[in-house]
Structures are given as C-alpha cells and as structure tokens.
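Protein sequence lines correspond, in order, to chains F and Z.
Taking my numbering, the leading residue of the first sequence gets 35, the next gets one more, and so forth.
Taking my numbering, the leading residue of the second sequence gets 682, the next gets one more, and so forth.
Simulated from the structure, these hints should not be mistaken for lab results.
One should not assume that every hint holds.
[Claimed, not checked] If you want a taste of the chain Z side facing chain F, the calculated C-beta under 8 Å gives, among others:
#  : residue
1  : Tyr732
2  : Ser733
3  : Gln750
4  : Leu818
5  : Ile822
6  : Glu828
7  : Glu832
8  : Asn833
9  : Leu834
10 : Asp846
11 : Val847
12 : Arg874
13 : Leu877
[As the list claims (entries may be wrong)] The list that follows gives simulated cross-link-like pairs (lysine-lysine, DSBU-like), each with its CA atoms no further than 35 Å apart:
#  : chain 1 : residue 1 : chain 2 : residue 2
14 : Z       : Lys788    : F       : Lys94
15 : Z       : Lys759    : F       : Lys65
16 : F       : Lys74     : Z       : Lys728
17 : F       : Lys74     : F       : Lys94
Idealized CB from N, CA, C, for every residue including glycine.
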Amino acid sequence: MMETHAKSQNGTIMNCAEFQDCLPELFESGKDLSSEEHLKTCENCAALVRDLEYIAQQAKLLLPLHDPSPAVWNNIQTAIQRDGDHPAKKPSETST
Amino acid sequence: MSTGQTHPKPTHQHMRRNPPIAGEAEAIAKAQAGDARSFEMLYALHKRRVYSLCLRMLGNVAEAEDLTQEAFLQLYRKIGTFRGDSAFSTWLHRLSVNVVLMHLRKKGLPQVSLEETLEPSQEDGPRKDIGSRDLTLSGSIDRVTLERAVENLPPGYRLVFVLHDVEGYEHNEIADMLACSIGNSKSQLHKARMKLRELLRTGERKEPAA
Numbered sequence: 035m036m037e038t039h040a041k042s043q044n045g046t047i048m049n050c051a052e053f054q055d056c057l058p059e060l061f062e063s064g065k066d067l068s069s070e071e072h073l074k075t076c077e078n079c080a081a082l083v084r085d086l087e088y089i090a091q092q093a094k095l096l097l098p099l100h101d102p103s104p105a106v107w108n109n110i111q112t113a114i115q116r117d118g119d120h121p122a123k124k125p126s127e128t129s130t
Numbered sequence: 682m683s684t685g686q687t688h689p690k691p692t693h694q695h696m697r698r699n700p701p702i703a704g705e706a707e708a709i710a711k712a713q714a715g716d717a718r719s720f721e722m723l724y725a726l727h728k729r730r731v732y733s734l735c736l737r738m739l740g741n742v743a744e745a746e747d748l749t750q751e752a753f754l755q756l757y758r759k760i761g762t763f764r765g766d767s768a769f770s771t772w773l774h775r776l777s778v779n780v781v782l783m784h785l786r787k788k789g790l791p792q793v794s795l796e797e798t799l800e801p802s803q804e805d806g807p808r809k810d811i812g813s814r815d816l817t818l819s820g821s822i823d824r825v826t827l828e829r830a831v832e833n834l835p836p837g838y839r840l841v842f843v844l845h846d847v848e849g850y851e852h853n854e855i856a857d858m859l860a861c862s863i864g865n866s867k868s869q870l871h872k873a874r875m876k877l878r879e880l881l882r883t884g885e886r887k888e889p890a891a
C-alpha cells in the first residue's frame, strides 16, 4: 500500500486513506478538487479523482434510452378498461 | 499533480431533470379528474424515463415493459393523491422505483431491501490501496462499455448511480425516494463509482487478450 502524505487545507497531514474517506463529501461539495493539497503529491489519488470525475461525466451520455413498445400502452388501456370505475373519478384532491 | 486539467470538470447541476413541460400541469389536473386523454399525454411525456429506469435496473426488455406497465397503472390509481409537493416527474419516479424494488424483492434478491442494500458494507467499501499507478481510465470509455459496467453493479449501487449520475436527482430527493439518509445516498454513489472504475479498468485489461 502506498501511503502518500500531504498537507490538507487545514494544515493536518492527510494520507491516502484519509483523503479517500473525504472523497464523497469533496465530490458533493462541488469544489475544484485540483486545489486539494493531497492530490498535488499523490499520483494515485489524483488518477482516482480523474477517473471518478470522468465516470460521472460519461454517465450523462446514458440518456436518453428507448421508448417502450406500443404494446405497453395497449396493455395499460386494457387494464384500465377492465378495472372499470377509476379513483380519479372522485373529486380531485390536487393542489397543483 | 493537479486534476481536472485533462478531463472536463463534472457539473454538479443537472440540467435535464424536470425541465418545464408545456401542458403538463393541466394534463395532471385533468387526469386527476379522470380524463383519459390527459392520462395518455402523461404517459407519452414520461414513458421513456420510467422505461429507462426499469430497463437499467432489470436489464431485460420484457420485464422492463411489464414494470413500466405496472408503474403507470399505479399512477392511474394514485394520481389523485399527487399534491404537487414535489415535481410530478420526481413523484412518478419514486412510484416507479418502488415498483422496481418490489419486483426485485419478489425475484428473491433480498439484498435489494433498501435498508440492507443502502447499509454501508465493509466488503464493498472504497479501497484504500489504489494499487497500480499506471492504470487510469483512458478517456475513451464509450456508451456501450459504460452501460455494460452499470449492468454489473449490485442493484443498490446501480439504483443510486442511475438516479444521481444518469438522471440527475439530488441526494435529498434520492434519500426521499429510497427512504434512506442523504449520507447513505452519497456513500452508495461513491461506492458505485468506485465499483464502476474497477469494472471499467478490469475490462480495459481484459480487452487486449480477448
């Protein structure tokens, strides 16, 4: 296990394990991680951060997908008709 | 060594979720009053996202279509209870997620119990030792490769990853949908990304030998 020590922003020593423990919150903070002291001296963690950022970025390419086949709507209609009276026939409860 | 120089920095704002949809509010109100055409319009507006969620979680077209059907039938029965406290698409997504989870539990996947699935696991936790320094993702992961890797995630990880990174829901919304804590959602997302990295790197290593 490679232990790389670097000064964190608050001046304490941070090793790889400590840095990775902080990663979920660091990502969610939206801050620029390139300013993290640990990453300036730790190639492994820098590569990890790059990869995780890349994965999050590429995930956006996964939309849109396909539509369901027309049979799905046909089945829904059939089921609705089979069910008969519908709850929505009651007075509306919405506030929209 | 700094990061963020060779890859675009990820945005933490998701622009595709819940865009204003012309006529949706009116269609909701009419569907709540029992108007069939308005319900059909809501189906047309949201079928792709519901189906995509089902397909990603199940990896099977037939099952995904069955669950899409079930989700919209539940919508038909419950639409009168929608009060607009959240976006309609979020509300519908929560309903769909529950349909998917119920289905997975019936299939005998007890780990899909949200309480259990979203519980931090030592085994699946982040690796403290990153190991080989030369293996980073090449930057050329295509959509198909990523889709396959996502399919191989454990269901709980996959669900949070899809909801957050693919569909753009915020952690507070995911926590609400899955009845877990925000911290749990964040933790599961991180583990999902770590697992994906591992899967993608393994794929890269295997590829030349194939």
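Against the structure, test the hints numbered earlier, and report the numbers of the ones violated in rising order. 7, 8, 9, 15 and 16
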